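Line by line, the protein sequences are chains P and A.
Counting in this note's numbering, the first sequence runs from 651 upward without gaps.
Counting in this note's numbering, the second sequence runs from 407 upward without gaps.
Calculated from the structure, these hints are not laboratory results.
This one's a predicted model, so the numbers in the text were calculated from it and none came from an experiment.
Among the hints, erroneous ones may be present.
[To be verified] Chain A regions said to be covered by chain P (calculated; three or more residues, Cβ under 8 Å): (1) 416-424; (2) 451-462; (3) 616-623.
The beta carbon of each residue, even a glycine, is placed where N, CA and C say it ideally should be.
Chain residues, written in single-letter form:
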Amino acid sequence: MEERETEDRDLISRVAARDGTAFARLFEIHGSIALGLLLRILGRRSEAEEVLQEVFLQVWMQADRYDGVRSTPRGWILMLARSRALDRLRRRDSTRRREEAVGEEAGEAIPPVGTERLETLERKRQVTSALGILSPEQRRCIELAFYEGLTHTQIAERLEAPLGTVKSRILLGMNKLRQALSAQS
Amino acid sequence: MSDIHTPRIEELLPAYALDALEGEELRELEAHLAGGCEECDRQLALWQGDLEELAAAVPPVEPSEITRARVLRLAGAGAATPATPAPAAAPRRTSSWRMVAAASALLALALWGLLGQVRMEREVQRLESDRERLRRQVEVLSRQVGSMRTEVLQAKQDLQVLAGPGVQAVTLAGLGPSPGAKGRTYVNPSTHDALFYAFDLPALPADKTYQLWFIADGKPVPAGVFAVDPRGTASLRVQQVADVARIQAWAVTVEPRGGLPQPTGAMVLKGA
Chain P
651 MEERETEDRD LISRVAARDG TAFARLFEIH GSIALGLLLR ILGRRSEAEE
701 VLQEVFLQVW MQADRYDGVR STPRGWILML ARSRALDRLR RRDSTRRREE
751 AVGEEAGEAI PPVGTERLET LERKRQVTSA LGILSPEQRR CIELAFYEGL
801 THTQIAERLE APLGTVKSRI LLGMNKLRQA LSAQS
Chain A
407 MSDIHTPRIE ELLPAYALDA LEGEELRELE AHLAGGCEEC DRQLALWQGD
457 LEELAAAVPP VEPSEITRAR VLRLAGAGAA TPATPAPAAA PRRTSSWRMV
507 AAASALLALA LWGLLGQVRM EREVQRLESD RERLRRQVEV LSRQVGSMRT
557 EVLQAKQDLQ VLAGPGVQAV TLAGLGPSPG AKGRTYVNPS THDALFYAFD
607 LPALPADKTY QLWFIADGKP VPAGVFAVDP RGTASLRVQQ VADVARIQAW
657 AVTVEPRGGL PQPTGAMVLK GA
């Protein structure tokens, strides 16, 4: 278990015990990544910041429900963020979202200065690299599912591709991603 | 059937982790997972771990200070003190944020104090300025009152001269260089005080002055020097003039500044 994960687990158990300092620390560690993910999904900074508050409210209220077997604390927080963002997204008209999101994202992603460990940066490079080995079609299918919350059928409709093709692209793509990440770690 | 772990069930796991699964496949897998398949749980955790990596690969974005403050306020964490010393490598952002927050608070306090001081200093300056302005007004009014008092006193004295019984009035006419000029004298025989008024006399150079004379027993007696105002008028109070019966005439001449015991210059007014 990485040092980061050990600290995270300690923090989340303290948050469950209503430790405000641990909560602040957890936010400092994961707030910027969670916001990056929210912005990637929602495309609007103000909405992403709003959902970030909801996510961390949920973390504060439900830390006692965190299941350490199913995921890491970071994974739990990021999946909470993704889930809430996708809920938000589904309530929006996707066409309007695309129009309004244009231009908002440019220049907004700011790497936190001096806070991200080299290993984290390296891990990101590896993920990016792993994504790079996917075919554009596989990558597109996974991104549509992950960042836009589309189901197999919806992806097939969006890409005007056969349902079976979409299913196999996702399956193959996920397996390739697994292999690349395993090989790198 | 769904209780049996099969390769086909396994193949559904990545899409399930992605929330892309639906319909019959979703129901089938959920039924299988509900049966408590440890292998599926293990694999699902691995897929979720991969997706966590995918999620964490996005460029991080620093939350705004407003969001940060709101989130930390949820737990009252902003005011909390760390129970243990923070680890050396990681908490730089936390402590630096706290330092920034504390510095901001101090700065705000200092600014507030400074603004208060500035406001007070401005108020003091304003009050001092008001006081100085009022002081000058009081001076002006005092001078005006003093001046009016003098004028009233003078008018009262003039009135005593003019109101006395047997006051003799003499009109003086312009001569030579100022034919349009006029003058008048009033002599109170009881008090031997006289008043002289001149009109339409031209102003003189700085080294010259007008001098009033009365002629008594054939001799000119100096009665005072005067200058005219911009309108060409002047007034002069003369004390201890000779008896009215002895005064034969009144005259005004132009003399050197300060006047002389005997007239030497041009006569500009004369009356008898």
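Taking each numbered hint in turn, which are not upheld by the structure, reported in ascending numerical order?
3
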